[in-house]
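Engineer: Take a look at the letters that make up each chain.
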Amino acid sequence: MNAYAKNGMVLRLYRWVAILIALLVSLAFTQWYTPLDMALASRFVAAHEPAVRPDIAVVDLGADESHVWSASVAFLNAIAAAHAGPHHVQPPDSLVLDIIYSPTSRPDASVRDVTAALERVRDLNVRTVLAVDPYKPGSQYIRPNIAAGIVPQIFDAASTAGQSIMEVLRDTNRDAILLYAESIVDGTGTSYRAFPLIVHKDPEDKEDELGTHVPFVIGDPARMPVYTLAQIERDPGRISGYYVVVGSHRSLDTAGVVRGVDSVAWAINDRLTAGTPHYRSVYLSGSLVAKLTCLAVASAIAIFLLLFYRTRGHTWSVALSTTVATVLPVLGLLGFYVTGAQDGAVFLQPVFPMLSAAIASAVCAAAARDLPERAAGRVPRPVVARRTAVEMPRPGGSIGKRELPFFWICDVSGSMAGGSINALNVAVREALPAMRDEERSFPQARIVMRSIAFSTGAHWLEPNAVPLAEYVWNNLEAGDGESDMGAALALALQALDSPPLAPGHFPPVLVLVSDGLATDTAVLEDALVALGRHPVAMKATRVAIALGPDADSASLQRFGSIPPMRAEDASQLAELIAIVARTTVGFNSSVVAYDGMDALEREIARLQNRRALTWETPVASEDVW
Amino acid sequence: MSGARWRVGAASVRGASHVRSGRPNQDAVGVRERAPVAIAVADGHGDARCTRADVGSALAVAVALEVAASFEDPHVQGEALREALAERVVGGWTARVVQHLKAQPMDAREQAVTAGRPPLYAYGSTLLAAFVNGTDIFALQIGDGDLLIADDGVRRVFERDTRLAGHETTSLCQTNARAEVRVARLRAGPGAVILAATDGYANSFAQDADFTRVASDFRALIGSHGLDAVIERLPDMLDATSREGSGDDISLALLATVKA
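Chains as they are written, first to last, in numbering that gives the first Met the number 0: chain S, 0 to 624; chain H, 0 to 259.
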């Protein structure tokens, strides 16, 4: 009793658990930012920053979605990299970093990332502003948190996280503006109030310097237009500054996000640039497109694989586990790429799903190895030997191919003179390249050729068998002799002994081509009887081709191990010989006993039908069952 | 055989020609390491209609190992012994195949390919197995392939089936498969090695003597390097042999006596 027999149920359970894990991991992946988003941010900076020096850039580092966060950090990094690059791109005058949300969910990782990003931009002479995203729950969220002391803690010297940020600010000789806002809904519509708080570089001074609210109202779109990336690309000259909303928030409330960031930026702009609107907003909507694209591709692969395995008769569990095992690594690779693209900004969250993905993939791959033989859940795993560096000689003697003897037995009697013999010469010569191709795909055999010509008497055309690679067909000529087919078969029989056949040879192939009645009937009778008793001849593939309507059908029928075939003209003969030469050579794989001829017959019939040729006699294959 | 115990090892490699043509490894190989130790190899037929030959060979190996595990010596000889083992192996394999067919019925494409043949034909496979039971070794074979025993010399457990030419084999899927199973009860001398191989191995050698030499060579290698080291190198050896030789899948299982 092997382990699989005992654990069939366990194996099935194992698969389904793997599938469940994989699906959960897939869902986790949908929350991630994708490489496409990263590329979009970098492309935007590279394409537009050189045109003008922006007055202000607002980077939305808010929201506690890790993908938005990572894309924002990537955007900062892209600005820094563009400035340091060959184009020496000018950074914006002011950089607004909206960072307040994220530390609430991942304080350590978020602060580390912001610190790293700030370090990158600190030499760019940028006015650094920390802002609060005022949209939606944020406005309700931030006030109580400030009241509770949560937000200020970020800038508290006692806080390790806040201290690291403040140290960077101190190094950059910048103040920070902590600004939060809230929406006001009244009878006239929605307006926003912003609360700018100047936080000095001195961590001890956390007072609200202004201490006054700065109310403002979102203006009409014409005053603060929102451009898409495509619009910016069409008309870059209209932009003298920009701020950027990255990511697709869970709510997908794009308009709300843009309005919210606009309001913050407006308020900041108002204070920093004396109300001169030099900015435009850009919404990088790539993340949603990218995620949907990734999911669409993964779904397409999954559907294809599911259909593929199901249509091949596998169970749902096998099909699903195999599909998941195939698709997950693709998604895992994307996740890995995101992590790698953050340039040191490694988060805790992506690691866990990736680990899960790796485990799920391994589990599913293990289950998928059951295809197809282990689907029944009770087949032992083959022994897979490990490799070592120990060198050992290969056991056994000489390795070599076994011979596959191939005989042409050709009628060159008077009746063959003219068109028939010419057709035969052309047909055999044209068949040789195809035979060589066949030999190459049949590596265990080495074909050796030998030919007999018969008219009055019979003789070998070559003294010994010649390897196919060296074999050259010399044109036969038909004289005015008889048709001693019996003599030819008797000669062939002698060649089927061992020697001259090499030991371990494959069953020989004998192809007999004739267009008339045999003249040495007594010899032929003896030869046919001997042929039926010779152990090698009995196993040989014997094919007779009748050329024209006058061929000796009865003798050819007795000669062949499959029914003889008829060729009516030169082109049919050429096709028939090509088919016979290829199929008989190639037909040498392991098949069930006494079934070889039946299968050969069927293959030839198939090829014949394709070429609209006909059998000499109807096929009546005998079933061994 | 006091002071010595039987150990097993095996490997199976996909034939070079199978790799080129995209066909899977249709061989199967398996061993039972706990007493009663056993080895089995099977070669799924390459016939296009044997669409599930890889499953058939895997099931054949599984059944052989189960038979070995539960075998109780009936203390009979000759035909009675042959029939007893043949019934268990062929009967067990057929039942497994039927079970598999029920779990995974053939789709339209497979039915078209195997048209005119009984469903079992799709699973066609050979089987060679040997297991130790007490002081005796039981060997069985249906179809081509070779069971060699090397002690003082090298001999075939079963002579080649003279009814078969190079491309033919008897099979578990034949209606008269029980009659085609050959069984032997053997005794082996100290340091003996029994080797079961699918026909791809023998077909890779120029002469039969070149092939039978593998048994004595393996015996010598196991003697000098130990069975584990030989088994670790086995895939490379078989790979090279297939590549330079038959191009067919090769599966090999070894049953060897080692010092306890």
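Read the hints as simulated data drawn from the structure, not as lab findings.
Given the structure is predicted, the values throughout are model-derived calculations rather than measurements.
Any given hint could be a false lead.
Listing some non-contacts, in silico: residues in chain S with all C-beta distances to chain H over 10 angstroms [unchecked claim]:
| # | residue |
| --- | --- |
| 1 | Asn421 |
| 2 | Glu469 |
| 3 | Pro548 |
Partner residues are not named here, just some residues of chain H that face chain S (Cβ under 10 angstroms, in silico) [what the hints assert, rightly or not]:
| # | residue |
| --- | --- |
| 4 | Ala111 |
| 5 | Leu185 |
| 6 | Gly188 |
| 7 | Ser215 |
| 8 | Val257 |
Yeah, the Cβ is synthetic: ideal placement off N, Cα and C, and Gly gets one too.
Engineer: For every hint, state whether the structure bears it out.
Structural biologist: Each hint, compared with the structure:
1. Asn421: Non-interface label stands for Asn421 of chain S: nearest chain H Cβ at 34 angstroms, farther than 10 angstroms.
2. Glu469: holds, 19 angstroms
3. Pro548: Non-interface label on Pro548 of chain S holds, nearest chain H Cβ at 32 angstroms vs cutoff 10 angstroms.
4. Ala111: violated, 13 angstroms
5. Leu185: violated, 21 angstroms
6. Gly188: violated, 20 angstroms
7. Ser215: Hint holds; Ser215 of chain H Cβ to chain S Cβ min 8 angstroms, cut 10 angstroms.
8. Val257: violated, 17 angstroms
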